[in-house]
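Q: The lines below spell out each chain.
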Amino acid sequence: MSKPKLLWLQSISCNGNAHSFLNHPELFSILAHFELIYHPILETNYLLEDIIKKRVECDVLILEGSFVQEGFLKAGVEVSTTIEGYAKRAKHIITAGTCATFGGIFKQKEPDKISGFAFNIEEKTVRYEEYASKLISLPGCPINPRWLSFVLLMIANGKKVEIDRLHRPVELYRYTVHMGCTRNEYFEWKVDAKNFGLKEGCLFYEQGCQAPFTRGSCNKILWYDTSSKTRVGTPCFGCTEPSFPQSSLFFTKTNMGIPAKMPLGVPRRAYLTLTGVTKSFKIKRFSTRLLEYDE
Amino acid sequence: MKKIEIKKLIEKIEGEAELDFTFIDGEIEDVKINFGFYRGVEEILRGKDARDALVITPRVCGICNHAHLIASVRAIEDGYKRAGVKVNLSSKARDIREFTLACELIQNHIKWLYLTILPQLERYVGEKNQENYALKASYLSTTITKALAIFAGQWPHSSYAVVGGVSCDPTYLDVIQAQTLLEESILFFEKVVTGMSLDEYLSIKSITQLSKIGGDFGKLLYLIESSDMANIGKSHDRFIVFGDSPLSASAKSIGTLLSSLDVRYLKESTQENTMAKAVEYKKRLYEVGSLSRGMVAKRPIIRSLHKRYKDSLLTRLFARVDEVGVLLNICKNLLQNLSLDEPSSTLPLNKVASHFEGVGIVEAARGSLIHRTKVKNSKIVSYEIITPTQWNLSHGTKEEKGVAIKAMVGSKSVEEATFIFRTFDVCSVCTTQ
Chain A
1 MSKPKLLWLQ
11 SISCNGNAHS
21 FLNHPELFSI
31 LAHFELIYHP
41 ILETNYLLED
51 IIKKRVECDV
61 LILEGSFVQE
71 GFLKAGVEVS
81 TTIEGYAKRA
91 KHIITAGTCA
101 TFGGIFKQKE
111 PDKISGFAFN
121 IEEKTVRYEE
131 YASKLISLPG
141 CPINPRWLSF
151 VLLMIANGKK
161 VEIDRLHRPV
171 ELYRYTVHMG
181 CTRNEYFEWK
191 VDAKNFGLKE
201 GCLFYEQGCQ
211 APFTRGSCNK
221 ILWYDTSSKT
231 RVGTPCFGCT
241 EPSFPQSSLF
251 FTKTNMGIPA
261 KMPLGVPRRA
271 YLTLTGVTKS
281 FKIKRFSTRL
291 LEYDE
Chain B
1 MKKIEIKKLI
11 EKIEGEAELD
21 FTFIDGEIED
31 VKINFGFYRG
41 VEEILRGKDA
51 RDALVITPRV
61 CGICNHAHLI
71 ASVRAIEDGY
81 KRAGVKVNLS
91 SKARDIREFT
101 LACELIQNHI
111 KWLYLTILPQ
121 LERYVGEKNQ
131 ENYALKASYL
141 STTITKALAI
151 FAGQWPHSSY
161 AVVGGVSCDP
171 TYLDVIQAQT
181 LLEESILFFE
191 KVVTGMSLDE
201 YLSIKSITQL
211 SKIGGDFGKL
221 LYLIESSDMA
231 NIGKSHDRFI
241 VFGDSPLSAS
251 AKSIGTLLSS
261 LDVRYLKEST
271 QENTMAKAVE
281 YKKRLYEVGS
291 LSRGMVAKRP
301 IIRSLHKRYK
311 DSLLTRLFAR
321 VDEVGVLLNI
331 CKNLLQNLSL
341 DEPSSTLPLN
351 KVASHFEGVG
361 IVEAARGSLI
371 HRTKVKNSKI
381 VSYEIITPTQ
391 WNLSHGTKEE
401 KGVAIKAMVG
411 SKSVEEATFI
421 FRTFDVCSVC
431 TTQ
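If you read the protein sequences in the order shown, they are chains A and B. All letters in the first sequence, in the order written, are residues 1 to 295 by my numbering. All letters in the second sequence, in the order written, are residues 1 to 433 by my numbering.
Just so you know, the hints here were simulated from the structure itself, not pulled from any lab data. Careful: at least some of the hints might be erroneous.
[Unchecked claim] Below are the PhoX-like pairs computed for lysine-lysine, each with C-alpha atoms no more than 20 Å apart in a straight line: (1) K351/B - K253/A; (2) K401/B - K3/B; (3) K53/A - K7/B; (4) K277/B - K109/A.
Isolated chain A, as found in the complex (with noise of 0.2 Å):
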């Protein structure tokens, strides 16, 4: 039998999601799966303007970066005609990273015109309907190369993905950010870190961590299988929510003194509750540093 077809279309974008993908430790076993039509880094049999100008036959198709119908050309077509082209003949197709798949970043320059593939932020774009039946949402900023690979080997291996109402596949994204941060005691007993640059305490309440109603596995499936955002002290900036991104990323949003949002289905009295009991004692253990506590 001969391999799935795989080519992979640019808009919009900073080639970001490329250079993850690219860093895959196994790269070279899950691309064994398929046969590279087109690739923005790597080298492949087919030139993009043979890509442009005829029509190749193509299974999967991945797209990165944000959608313009209209004034970004290559090789003198509009970069539209041609992903759509392609998407009419594909058996699927991945929206890898937020741009391609709510519009990201670079939608901000003209709300308007510019979106996701099939959304624009949430909301249905009008080529939804016709590729929602073959359609897989990636969104991250960048996505981790791991959830590209799951999704490509689950279709090389004939398997379904379960996917959500904005199709994105549950395994990855019904979890947090928040699950797997190893600051997740300090979360529980509501210590926050007390500046940048410190191994202990949560970022939640002071400098804008967005993990705890975040969708995406980078607490579970770590960056290079090394680390992530917050393992490095870095807030979550919600990178993987249509969303993204939104202002004042570093700074926690308040509404007298507790975090304006909660965490991802969570009542407001919960928390209150929860926070009321945890505040009430002091724990030796969380207000020492980590390295430094001996009992």
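Let chain A serve as the given structure and place chain B on it in line with the hints.
A: Same frame as chain A, now just chain B:
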């Protein structure tokens, strides 16, 4: 006089560019370089909180995002200082930033060598390619990027450099892991790239010793030499380095004549028919990047090559691969001497400046990257980004042709000229930020 015009789409240069060649009597007389879509990151930043630039600007570029992060944190820190808020980085924070930045440069140069230069050159000279160069590129890139991620959390698009330091708080557990990954990368440089030990490589001082270099670098030098390409691709022979870094101090070099510079004399202007803006320094065009850093730092082997070949394709190619060796050595020293006892961030959380103007300069893989931010009431009122590719790929002025264009002029074929173009390690997305 016979005039022919040829259009060519150049791909896999972090996006694409379209080159319009004008041939007169079989020789390239002029080239127009056109980049596609302007994404407007500078406009997107307007009205946002000053520190949001640390999250937004890395997204200019998938391959040199980390350099954008460092440039943007330096711009804010410079602004804070000018506004009277003291920012004294600990040497630990400074060293960690230099380390992660060096890792990004290494992955960039290695990808360029294996994914662009070697395959394109072999195709051009008709050498049959039997190798999976991509495997080598990915291996080294993954290894060194893991070392980066130990401190920065992820790559691309980390925002771990915060105003006043870095957000990470590493322990020896982290440093030892990073050292192991670095040693693995050095081993790759020794066994695969050069066929000699790093120390031995770094002791090479003159072109008489170049024949000692084996590995893929040796193969590259052999292919260039044997196909008579060493002398092509010469440009203005002017080099500029704006950022102070472990690689070189900030200065300019006209030929080998060094002099100091002032960022105020730098001028940016829009160009016709392209989304890319051009930059000049005191009305003259300069090359930026590894070659410029090697020239300004008076690195003996670069000066020796320059003496024989000037700013030719060979010198330019050599300087970029050579920098990998230099950077690996810098990384080794940085990790060995990292003082973990110091604070990662020295600026208290509530200490912010709300009105300021600052400039941040960094030596990115392709050369000097400059960010300028102007902030009022904590909001960005203007943000300006000048990328290395803008220097190397400008159309030029009335008086002189752009750096890369000058290097291509006189070439007799589109294939050769395209290869010269690629030796500048072109980044399309940075040019049209």
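Q: Hints numbered earlier in the text: which of these fail when held up against the supplied structure?
A: Hint check: nothing fails, all pass.
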